[in-house]
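Chains as they are written, first to last, in our numbering: chain A, 16 to 185; chain B, 16 to 185.
One should not assume that every hint holds.
One copy or two, either will do: identical chains are not told apart, so a pair holds if it fits within one copy or between any two.
Claimed, not checked - Cross-link-like lysine to aspartate or glutamate pairs, in silico, DMTMM-like; alpha carbons within 20 Å at most:
| hint | residue 1 | residue 2 |
| --- | --- | --- |
| 1 | Lys158 | Asp78 |
| 2 | Lys166 | Asp62 |
| 3 | Lys158 | Asp137 |
| 4 | Lys175 | Asp70 |
| 5 | Lys166 | Asp103 |
| 6 | Lys175 | Asp78 |
| 7 | Lys158 | Asp86 |
| 8 | Lys166 | Asp70 |
| 9 | Lys166 | Asp25 |
| 10 | Lys175 | Asp152 |
| 11 | Lys166 | Asp22 |
| 12 | Lys175 | Asp25 |
Rather than coming from a laboratory, the hints here were simulated on the basis of the structure.
Take a look at the letters that make up each chain.
Protein chains: 2
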Amino acid sequence: MLGKNYDLQDCSLARALESLGERWTLLIIRDAFFGVRRFSDFQAHLDVPRAVLSDRLTGLVRDGILVRRPDEERADRHVYELTNAGLDLWPVLYSLLVWGRRHRSPSSRTYRHAACGGLLNDRGACPACSTTPAPQDVVITPKRGRARQRKDPVDVALRKPHRLLAPLAT
Amino acid sequence: MLGKNYDLQDCSLARALESLGERWTLLIIRDAFFGVRRFSDFQAHLDVPRAVLSDRLTGLVRDGILVRRPDEERADRHVYELTNAGLDLWPVLYSLLVWGRRHRSPSSRTYRHAACGGLLNDRGACPACSTTPAPQDVVITPKRGRARQRKDPVDVALRKPHRLLAPLAT
């Protein structure tokens, strides 16, 4: 067994990985940026066992990356949303995505600056505007002609252009 | 048991995490940026069990992130160095470090542009030069007055300013 902590590593990167390094955690955070907020939607999109998802969400709330609020549309249910610390993970997510599309497989989505439609470059900046948009100013769109592997409600809702962090209509 | 792969996630971030998402992997890559190249030095600096370190290094070589070469100074030994795909992970490492120092604990080191001594900003750019230095143009220096938890050869070698990727004299 490997412990979850890296106690002997005096390094802010090691500290970050203590909150982010478990399996599924970064994909849950990715989905939160996509606008997923409900337990059932995370589960449907990630195919992750309920117990694992519950453990990861609890940890992310404890660590101040997600906040759990009452669901205004469904009594006795909750939604999970990124805190400011969670929103600050956007450069981490985007840099992993850029590495993955360069060295693993092409991205299934485009990332554009909402204000002008410009494609973000590898540093997450809009070259047309010379700004680095905050995630809520980024629109994701599935690439045309790409075979869709999934048919869950989150995947279906993301088939149209979607602004990051806007709650998904599932 | 959770499998290592995220087969049903059509996402370049999920593909990236298949190579990077296991425990210790990103800390091994961090050490490779610091100039660690030998098995014994990774082990001394990370306190990671030999079997785990061996498994992670083998995976990183298989995945094209590290390359294993004969050690010119020690017969029958090898060194591990970052490939071009590995070097492209610098923005991932730096963004995790920035998040960790903002939301977890202050960094134990400063990151400066070698050419001018300017402190890198949160995007990894040198504000003085308006460039984003490649990692080999970044110098790390331990912060003064910081109590050092570790006394292994890698930690000792890193007590002086050190240019990233330059092989450590251990």
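Verification of the hints:
no.	hint	result
1	Lys158 / Asp78	neither (34 Å within a copy, 26 Å between copies)
2	Lys166 / Asp62	within (12 Å within a copy, 44 Å between copies)
3	Lys158 / Asp137	within (17 Å within a copy, 31 Å between copies)
4	Lys175 / Asp70	neither (31 Å within a copy, 42 Å between copies)
5	Lys166 / Asp103	neither (30 Å within a copy, 33 Å between copies)
6	Lys175 / Asp78	neither (32 Å within a copy, 34 Å between copies)
7	Lys158 / Asp86	neither (32 Å within a copy, 46 Å between copies)
8	Lys166 / Asp70	neither (25 Å within a copy, 36 Å between copies)
9	Lys166 / Asp25	between (44 Å within a copy, 12 Å between copies)
10	Lys175 / Asp152	within (16 Å within a copy, 42 Å between copies)
11	Lys166 / Asp22	between (42 Å within a copy, 15 Å between copies)
12	Lys175 / Asp25	between (44 Å within a copy, 16 Å between copies)
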